[in-house]
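Colleague: Quick mapping for you: the protein sequence lines, in order, are chains A and B.
This note's numbering applies: residue 314 is where the first sequence begins, and numbers increase by one.
This note's numbering applies: residue 2 is where the second sequence begins, and numbers increase by one.
Hints were generated in silico from the structure; no laboratory data involved.
A portion of the hints provided could be inaccurate.
What the hints assert, rightly or not - Sample of chain A residues at the chain B side, in silico, Cβ under 8 Å:
| # | residue |
| --- | --- |
| 1 | R335 |
| 2 | A336 |
| 3 | K349 |
| 4 | Y350 |
| 5 | S352 |
| 6 | N354 |
| 7 | P366 |
| 8 | P416 |
| 9 | D452 |
Values in this document were obtained by computation on a predicted structure and should not be read as measured data.
For glycine and all other residues, C-beta sits at the position ideal for the given N, C-alpha and C.
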Amino acid sequence: MSKAKKKVKVIKIDVDKCNGCRACELICSSFHASPKYSSNNPERSRVRVIRDPLKDIYLPVYAGEYTPAECAGRNKYVLDGREYSECDTCRASCPSRDLFKEPDSGLPLKCDMCDGEDEPMCVKWCLSKALTYEEYEEDREEEPKLGEMEIGLESLVNRHGLQKVMDTIARLSKKG
Amino acid sequence: MGYAEAGFNLEIDLTRGNIERVASDPNLAKQYLGGLGTNAKILYERVPPEVEPFSPENLLIFGTGLLTGTPLPSCNRTVISTISPQTNLMAYSMMGGFWAPELKYAGYDKVILRGKSPELVYIWINGDKVELRDASHLKGKGAVETQELIKKELKDPNVQVCAIGLAGENRVFTASIEQGRSSASRLGIGAVMGDKGVKAIAVRGKKDVNVARPLELLQLCNEVLQYVKEREDKPVPNVMPILAGLGSPQEMLHTDEKWHTENFSWGNSRERRKDFWTKEIEDKWKETQENARIRLISCYNCPMKCGAIISLPGMSTYMMKCFSKLTYNMAAFVDDLEFGFRIAQRATEYGVDGFSTPQIMAFAFELREAGILGEEHFAGCPDDNEGKFYWILDRIVRREGIGDILADGTYWAALKIGNGAEAYAHNNIKKHEQLPLKLGMLNPIYFLMYSTGEKCNITQIEGQFPQAPFATMEEREEFVRDWVHVPDEKFKQYLLDWELRGERSNPYYPTVDMSVDIVDWQEMMHYLDDAVGMCAGMSSFPLKPPYHIHNYPIIISAATGMEMDEAELKKIYRRIRNLVRAFNIRRGLTRADEKPPEDHWRKRFPELEEQLLDAYYKFKGWNNQGIPTKETLQELGMDFVSEDLLKRGILSYE
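The shape of chain B in the complex, shown without the other chains (with noise of 0.2 Å):
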C-alpha cells in the first residue's frame, strides 16, 4: 500500500478509445514528487521535440499533486500539462477546486490523453470503472452549463467536473479548462482538449487515501490552521491590502482597487490612469460588488475564501476569482465594474483566459484605430466600449472573420495581420501576453522572474521576497522579525538593506548575485508546491504563508513516508526546475527568448541585464545559453536528459 500517491495513472488513447489502468513507478516520487514533476518526467519521456500541440502524439496530462487528497490544508490542486499552442513550449497551467482531491479518491494520480477522439466525448471516471461517453449534445455549451449538465445527466452531485467552453472546442489559443471556481487558463491548454475532442472530464471517488505518519500529520496540519488563524489578525504591515493576508490577492472581498487600477495599464498595456480611483468610482465599485457577489467560497479543504458566487439579473450565475474582476473593464476603458462582471461570466462560459483574452480584444482596437486592420473587419462592430467588446469576444470564440486570426493570441495574429501589426503585440513573454503593468525602474528580480519564468506568468514565480523596498528601517526590522520562513539568515540582511533610493535601491541593489539568490527561493517555492499540489496563496505567493522550505520535508515526510530533509528537497527542485527546461530547451528555447517586453520598465539597463541573466544561469549549473549542463544533470541523476542533449547535439561531448 503507498502513502499519499494512489500508484495508478489513467491512460486513455482517445484515437482508439483504450483506456488503462496503469501502475506507477513508485520510485518517481522520491525524484519528482508528483504534480508538475512526474508530469515533466512523462512528457519528457513520451513527447519528443518534433511533436506539435495540435498533434495526436502530443499529451494532456491531469496531474494531481502528490498530497493531494491527504488533510493537508489547501492542497487541492490540478497540474495540467501539455504543449502550449502559444508558446510551443511546456504549458503547465493549474487549477484549485475539488477536481484533483476527487481524482485521487477515485484511485488515480493523473489521467494521461493522448490521440484525438474522432467525436466530441466526455470521460467519465467512476472509480474503477472508466467510459468515453457521446458529448454531442454538449457540443457549444458554455463551460458552467456543461458541468451543470454532466452533473444532472449522472445523476449525482458529488461528481466533479472540469470543461472546456466554445473557445476550447474552437481551439482558440487563450482557451481555459474551468471547474466550479477554479480554471486552468494560461497557455491554451484547453484548445489541446479541444483538438483531443474532450468536451469534460468527470469524476467520482469512494477509494481511501492512506497516510503514513498519521498523528504526526494530523499535528502539522493543526499547526499550519493555527497559523492561518493568527496570521488573519496579523496582517504584514506597511504593504497594500491584497498583499498583506493570505490566499490569492483577495478580491472578491475587497472592494478598495485603487492599486490595480491606478498602476496597471489600462487598454492594450498603455495608459496608466493615475487619479482615477475617485471617491465616486469607489462608492459605486463597493456597491456593484457587493450587489453581484452572494457568497465567499473556498476549494477543497481550504480556509481561505479566494473566490465568489457572482450572479447579476438577467444573466446566469457564476464564480469568479482574483484580477479577472478587473481585466476587461481596464482592457476595453469601460468605468463601470458590472460591465466586468458580466462579461467575465460570458467569458467563463466560453472558457477563455481572462489575463490574455482582453489584451487581445484590446488589441484588436488599437489596429484598426491604426488603420492596420480595415473597416471591413469590423462590419456590424457597435460603436460603445462594452458593445464592442463584447462583438469582438464573440467572434475570437467562433473564430469568425478577423476573429479566426485574433484567436491565436496577439503575438501569432500581429505575424498574420504584418503591415506593422507586430509593434502593438508588445506585451509578451515567450509569445505570450502578460499582465498590464509597465513601471519606471527596472527591478532586478522582477527582470530575472519574468524572463526566464518558465510558467511565463510572474504571479506564478513571485511571492517569498517583498515586490518593493520597506521606507523605513523600522519598518524592515519589524518585518524580518518573525520571517522564518528565509532560507538562509542572509535574505534578511539584503532586505534591511535595500532602501527606495539611493546607492542601495534598484536597480543595482539587491546586486547581481542576491537577485539570483531572492528569484531561486521564490521558484522553489512554487516548483515544490506544484508538485506537491499546494496552493501558491498558501505558499509560495503571499509573504510569510504557513507554508516554507522549513516544514514541507517533515509534511512529505509524515504523509508519504519518504525520508526527507532540506537538502533533498532542494535537490529535487533543482532536478524538476532542470526538467521543465530541458524540455524546452529541446523545442528550442533560447536565452534570446528571455526577456520581458521592451516597455515593461522605462529604466533599461542592458548591460546589467545581461549580467543578471548571466549569473542566473551559472548559479543554476546551466551554460551561458541557458542550457542545463552535462555536469549539472548527471549531479541531479538526470543522465537520460544528458544523454539526449548530446544526441541531440543540444550539448556537446566537450
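The shape of chain A in the complex, shown without the other chains (with noise of 0.2 Å):
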C-alpha cells in the first residue's frame, strides 16, 4: 500500500483551566442541529464535562466508537488524589451507560472534530482555554477509501456476523 500524508486533528484538553460552564457542550449539540444552531440541547453533545465539583473533578470528554459490549472490569484511576472511574476517561459509547446517546433514537454519537469549520467549534467556545486546537500531518498507509455500499455491508456484518449476512444475500439473489 502506498504511503500518503494525512491531518491528523487534536484537540488538547487541559483540565486545569477546566471553569465547568459546558459551553462546549451547548454549541456542540446546537453545531450538529439540524439545521445547524437551531437547537440546543447538551444530551444531544459529542462531549460531556465529567463534573463533580466537590471533588475537584472538571474533566470534558469526547465521543469515540461505538462499542457493542462493556468492559469486564470497571477500573479506577487515582490522579493527583483525585479518583476517577475508567468510565469518566472512556470515550466509548457503550451498553453499560446513557451517555453519548442521541436522546430520541439512542444511537450513538461520536465526535466528527466540526467537519468543514477550522477548528472545532468546542475549543471556539472555550474562552477558558481548557480546549485548544493543534494539527499535525503523519505518514499512513493509504487505506482504500469504502463506497457506501461497502460501509453498509460492514455495519451489517458487525452486527450479525459475516456467516448471516453472506447467508442473506445468497437467499435474497435466489429469489432475484
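Two chains, two frames, some hints: make the complex.
Modeller: What follows is the structure, given as C-alpha cells:
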C-alpha cells in the first residue's frame, strides 16, 4: 500500500483550566443540530464535562467509537489525589451507560471534530482555553476508501456476523 | 413549535400532591418576555394582597429567563419570586448556576408551587416524569449536602438540584435557596420554600430548546464572546480592579481587599477601619485565599469565573462567590480571613443570606453590649469573636432562645425586643438589611436607587454609570470614547461634566433630571436581564458590558422570532417595572418606605431628596405617592392593573 500524508486533528484538553461552564456541550449540540444551530440540548453533545465540583473533578470527554459490549471490569484511576472511574475517561458509546447516545433514538454519537470548520466549535467557545486545537501531519498507509455499499455491509457484518449476511444475500439472490 | 421558550409551566399543588403540565400563553412573552416579567404577571393575577408570605395561597415561582437554554453566553439565571416574609413585598431573588437551563431542557419555563406539603418532600422533575418524593431522610441536612445526597439517590451526576438547609426548614427570614456555586439569597425565599415543605427540587432535562434564526443568533453570540475576549485585555482604567472587568466583582480571583475592608463598615455597619489593609494583612490574606481556593468556576455557558471551590482541612468543601468572603469577618471584627471561609461554609450548608445574616449577628452583640439584651440570652456563648459568631449563627438557624427572635431579621427582631432596640436596626431599607456602607456626601443617583429599588439590593440596580466622577477631563474623555452602551448621547455629557468637587459635583450634580435619567437606564438593564435570564455580571452590573440596549433587541428577535426594536423593548421594561411596582403598592408600599438608612450618608439634603423622588415618580408616570397612574398603565396596555387599583380605591376615577 502507498504512503500518504494524513492530517491529524488534536483537541488538547487542559483539565486544570476547565471552569465547568459546559459551553462546549451547548455549542456542540447546536452545531450538530439540523438545520445547523437551530436547537440546543447538551444531551445531544459529543463532548460532555464529567463534573464533580466538590471533588474538583472537571473532565471534558469526547465521544469516540461505538462499542457493542461493555468492559469486564470497572477500573479506577487515582490521579493527583482525585479518583476517576475508568468510564469517566472513556470515549465509547457503550451499553453500560447513557453517555453519548442520541436521547430520542439511542443511536451512538461520535465527535467529528466539526468537519468543515477551521477548528472545532467547542474549542472556539472555550474562552478558558481548557480546550485548544492542534493539527499535524503524519505518514499513513493509505487505506482503500470504502464505498457507501461497503460501509453499509460492514456495519451489517459487525451486527449480525459475516455468515448470516452471506446467507441472507445468497437467499435474496435466489429470489431475484 | 415555540422558540427559546419551552411553552409549558409545571403547576404543583403541594397540599393535594397534584402535578400539572400547563401550556403557557405565547402572547405573554411579547409583553413581559419571561423570567421576572412573567413571574410578576402570575403573582399579580393569582396572589391578592391579603395573602401572607407563609400562607398556602402564596406562590413560589421558579422561573427561567426567556433566553435561558439558548447559546447566548451567560444567560442562565433562575428568577425565584414570591412574597418576602421580611418585607411583605414581592421578593425576586435570583441565582446563576445550572438549574434554569436544565429546567428548560426538561421542557418547562417555570415551576409554580402553591399550597403546603404535609410532610417534607423533594420534587423530582425528570423530563415528562415529575414526582414528589419523601424527604424525611434529608430533614436538617445541609443545603450542599442535600444536593449531593439527591444526586446519589437518583444515580445521575447531571441532575441539577436546588435545596434549602436547616434555615429554610425553620423559616429563618434570611434563608436562601442554594444550588452549586450559586444561591438565591435575598429576601427570605428559602423560608417560603421551607414553609411549603419542599426541601429541594431536582431537575434533569434532555429536550431541545429551539431558536428562530439560528445563524443570526450564532453570529451575535460570537460577537459577544469576541467582545468578552477583548474586554479582558482592556480593563476600564481609573476605577478599582473589581470594577474594571466583567462579571460580578472578581473576589475569588483578586486578593486585594483594601477597598472593601477600608470603605465598608465593620460590626453592625458601624465602624470604618481606614488603615486596616497593612502589608502584613495583605500577605496573610493572599496566602489564606490561595490556600483555600481550589479552582475558579463558572455558571452554565459563561466564560467568567466568578465563583470558587473552597476547601480547608477539617471542613467539607463548598463553593463561594463575591462579597460573602468578607461579610462575616467584618461583622465579627475578625482579622483572620480563614474565619470567613470557615464560617461561610457552615452558613452555606445552613442556607442563609451572607449579606443580612452577619449583620443580624452583629446587631445581637451590640444589643448585648448596650444592655438591651440581658446576659440570660447569651448563656453558653463563648467569649472570643469567632466563637461568639458561630454560637449565634447556630442559635438563629435553629431558632433557639434569642435566635428565634433574631431569625426574623433586625427590623422585626428590634420591634419584638423593644427597649430602644429599633435604633440598632439602622441599616435597613424596606425592613431589609443593606450592604454595610456608610459614606460622607449624598450621591443623588444612589439616593434614588437605594430608595426606589424594588429588589432592596443596591448591586441589583446599579451598574452602567460610573459610581464616582473621574478626576480629570482626560480620564473622562477616554472613558466616553468607546461608550457605545449609552441609550442616548446625553449620558456622555453628564459624565464629562461630573466633577469631584465644586458646582458640578454631588449632591447637586448630576442634576435632579439627569439623576432620574441615569437611574432609569440602570434599572432598565437590570429589569431586562432579569426577564431574559441574563447574569447582571455580563450586562447591567459592570461598566461597558457585552450586552446593552442596542444589541438586546436583535438578540431577542433572533432567538425568539418576535419582532423587536429598542422602543418596544423599553416599553416591555416599563411594563415589568410598573407591574412590580403596582404589586407592591397593592401590598401597602408607600412613599414613606422609599428611603435609604438615615446614616447612609453623613451629609443629607432633605429638600433635594424630596425633589429627586418627585422627579423620579413623575418620570415614571407615577403620582407623587409612587403609584402608577391610570394613564401610564393604559398606555402600556395594562388595563387589568389600572382597573384593579381603581377597584381597590388605590387610584381614583377622577
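Colleague: Have a go at the R335(A) hint: is there a Cβ in chain B nearer than 8 Å to its own Cβ?
Modeller: holds (6 Å)
Colleague: Less than 8 Å between beta-carbons is the criterion; does Y350(A) satisfy it with respect to chain B?
Modeller: holds (4 Å)
Colleague: Can you verify the interface hint for D452(A): is its Cβ closer than 8 Å to any Cβ in chain B?
Modeller: violated (36 Å)
Colleague: Restraint: P416(A) near chain B, CB-CB cut 8 Å. Satisfied or not?
Modeller: holds (4 Å)
Colleague: So, A336(A) near chain B? Judge it on the closest CB pair being under 8 Å.
Modeller: Holds - the Cβ of A336(A) comes within 8 Å of chain B, reaching about 5 Å at its closest.
Colleague: Can we keep the S352(A) interface hint, with Cβ of chain B closer than 8 Å?
Modeller: Because about 4 Å separates S352(A) from the closest Cβ in chain B, which is inside the 8 Å limit, the hint holds.
Colleague: Once the shortest beta carbon distance from P366(A) to chain B is found, is it less than 8 Å?
Modeller: holds (6 Å)
Colleague: Do the numbers back the hint for N354(A), that is, is its least Cβ distance to chain B under 8 Å?
Modeller: holds (5 Å)
Colleague: Tell me if the interface restraint on K349(A) is satisfied: Cβ within less than 8 Å of some Cβ in chain B.
Modeller: holds (6 Å)
Consistency note: the structure conflicts with earlier hint 9 alone.
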